[in-house]
Amino acid sequence: MPRKLGITDEDMIKMYKSNMSKSNMSFKEMTTITGLSDRAIRNVMYKHGVKMNREPSSGQPRKHKVNENFFKTWSHEMTWVLGIFVTDGHISQHTHTIYFSQKDERILRLIAKYMEADYVLAPTGPTKKTPTLIINSKEIKNDLAKLGIHTKKSLNVPFPEVPDEYLPSFIRGVIDGDGWVQPKGYVMNITTGSLLFAEGLFKVFKKWKLRTEITTEISQAGNTIYRTWVKGKIRIT
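The sequence shown begins at 1 in UniProt numbering and counts up by one.
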């Protein structure tokens, strides 16, 4: 959809800010004035760092807030959360929703803090007792897809191309998400159903000159489980 002649980014930002307090103003109404689609208008706001308090797709107030740009920029906080999500998160097939499940609610609260999200937990019940943080955002779901993380990721998730600077934070998130550390001694392993991810971990630990290996076993469902181990406190020279 072409932008109407004479409409600049600055014009749209002024238009949006001047109408943020008016409950009847929506992105859809702005499309009539600017000639751009809802998504194009939203991208203009993202480009200029304009904080939005309306639901991008409909212009209605967002029920629960979240920083929709969170997975767009590498940082130690972002990569830690990404590590947790890769190992212990879930993407809905039918809605624009992602979930973080953790027995330790302190981790969920920290995730919500980093993502500037409302702390909204899924209902629990007799068969669902683990606290689960809910994040609703089509943009975040799309950004995760760009990183190779899709629905039904457990058996084929790749190891993301994380910049070296942020790899330690990513690995820490992976361990917090689905790692096991021996209470006494120097043994740790990370469990995954994805061979690609296990091999990515193996390469990182080798690069860091740690004693590492991958072992396998078959789950009750008949799938192969991969465990990437680090054993011993002394590095390989």
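Derived by calculation from the structure, the hints in this document are not laboratory data. All values reported here derive from a predicted model rather than from experimental measurement. Check the hints yourself; a few may be wrong.
Capping the alpha-carbon separation at 30 Å, the derived lysine-lysine pairs in BS3-like fashion look like this [what the hints assert, rightly or not]:
{"no.": "1", "residue 1": "103", "residue 2": "14"}
{"no.": "2", "residue 1": "138", "residue 2": "17"}
{"no.": "3", "residue 1": "146", "residue 2": "184"}
{"no.": "4", "residue 1": "128", "residue 2": "141"}
{"no.": "5", "residue 1": "128", "residue 2": "152"}
{"no.": "6", "residue 1": "153", "residue 2": "138"}
Results for each hint:
1. Of the pairs offered as hints, the one joining residue 103 and residue 14 is violated, with about 45 Å between alpha carbons and a cut-off of 30 Å exceeded.
2. Annotation: proposed proximity of residue 138 to residue 17 holds, straight-line Cα distance about 23 Å (limit 30 Å).
3. Our distance criterion of 30 Å between C-alpha atoms is broken by residue 146 and residue 184, whose separation comes to about 39 Å.
4. A distance of roughly 23 Å separates the Cα atoms of residue 128 and residue 141; the hinted pair therefore holds under the 30 Å criterion.
5. A C-alpha spacing of about 19 Å is found between residue 128 and residue 152, which places the hinted pair at or below 30 Å, so the restraint holds.
6. Restraint check for residue 153 and residue 138: the C-alpha separation of about 17 Å stays at or below 30 Å, so the hint holds.
Of the numbered hints stated above, those contradicted by the structure are hints 1 and 3, listed in ascending order.
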